Structures are given as structure tokens and as C-alpha cells.
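K.L.:
Please work from the sequences and hints to get the whole structure.
1 is the number of the first residue of the sequence shown in the numbering used here; add one for each residue after it.
No wet-lab data here; the hints were simulated from the structure. All values reported here derive from a predicted model rather than from experimental measurement. One should not assume that every hint holds.
[As the list claims (entries may be wrong)] Subject to a maximum C-alpha distance of 25 Å in a straight line, what follows is the list of computed PhoX-like cross-link-like pairs (lysine-lysine):
1. Lys108 with Lys121
2. Lys121 with Lys21
3. Lys33 with Lys108
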Amino acid sequence: MKRFLAIAALALLVSAGALAKEPAPYNPQADAKAQVAQVLAEARANHKPVLLFFGANWCEDCRALAHDLAAGRNAQLMDAHFNIAKIDVGNFDHNLDVVNRFGNPIAKGIPAAVIVSPDGKLLYSTRAGELSEARSMSADGVYDFFQKAIQRVQSAG
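P.N.:
Dropping the structure here:
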């Protein structure tokens, strides 16, 4: 049992270290309104919806989700279906005007995500904190989550 606990603790430290070495996914100095305007312009040009992530660099779940979306089939899914922007929310006190514009998806935790049409219409939101424990999701679980969100948006449109 002690050996198992030691191995589990080592694995946790290694994985936490790997996440800590990755670049911070959110830019606290970014102009969130300009980010949204730019990604909406891209969406109008390429006719793909916008996926906005709301989070912060201190948030382990936000970093874990960013990590899972950055490679493999998750990255391919994101590239194929979305124009993406990451909006920093600080300690739930930053860019709240942008958060509220999209229905306050961070109310139940971060990371949060919304899918928006190229004309700015809200199509989908994680209002119930669906991603707030992203670190416990596998890469396959993240893929399945976003695949289902895509299907919901496509069936509604």
C-alpha cells in the first residue's frame, strides 16, 4: 500500500510539473473585447462558429483543459470546427463585461466555454459548470464533450 501511494504521489507530481512548464493559456493583459471582435471577424470570413473559453492561469482545471485541447484529435477537432479565443477572468473579477455579454457562463466555475455564431448569437454555453473539473476528464472525455456540443449546435441550426 505504501508503495502504491508513493507511486501515485510521484505520478501526480510529474503531471503537475508537466502542466506547470506549458505556456500560460490565458493572457491577463489582452483586450478581451478586441479578442472577441477579432475572432468574430474570422468567423464571418471562414463561416465557422466561435468557441470562447473563459478561465485563468491560476486555475488547474483551465490549464488541464488547454493542455488536452492542444494536441492530437482534440486539436484537430478544434481546428476543424471553431475559431477560438481564450478570455482571462482573473479571480472572477476581470473582463466581466465580456463574460456577461455571453450569459455569465463562469457562474458555476471555470473553465467555461460558449459557442457563438459568426454574427454573435449565443449557441451553446457551459452554464452548469460542466468543465469546472476538467483536470479529472481524460483527453477522450474532453473530445466526447466537445463532439456532443458540436452536434447540439448543428442540430439546432
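K.L.:
Work down the list of hints and note, for each, if the structure agrees.
P.N.:
Going down the list of hints, with the structure as the test:
Note on Lys108 and Lys121: the hinted pairing holds, with a Cα-Cα distance of about 21 Å set against a maximum of 25 Å. Only pairs whose Cα atoms come within 25 Å are accepted, and Lys121 paired with Lys21 is rejected, the gap being roughly 36 Å. Our distance criterion of 25 Å between C-alpha atoms is met by Lys33 and Lys108, whose separation comes to about 22 Å.
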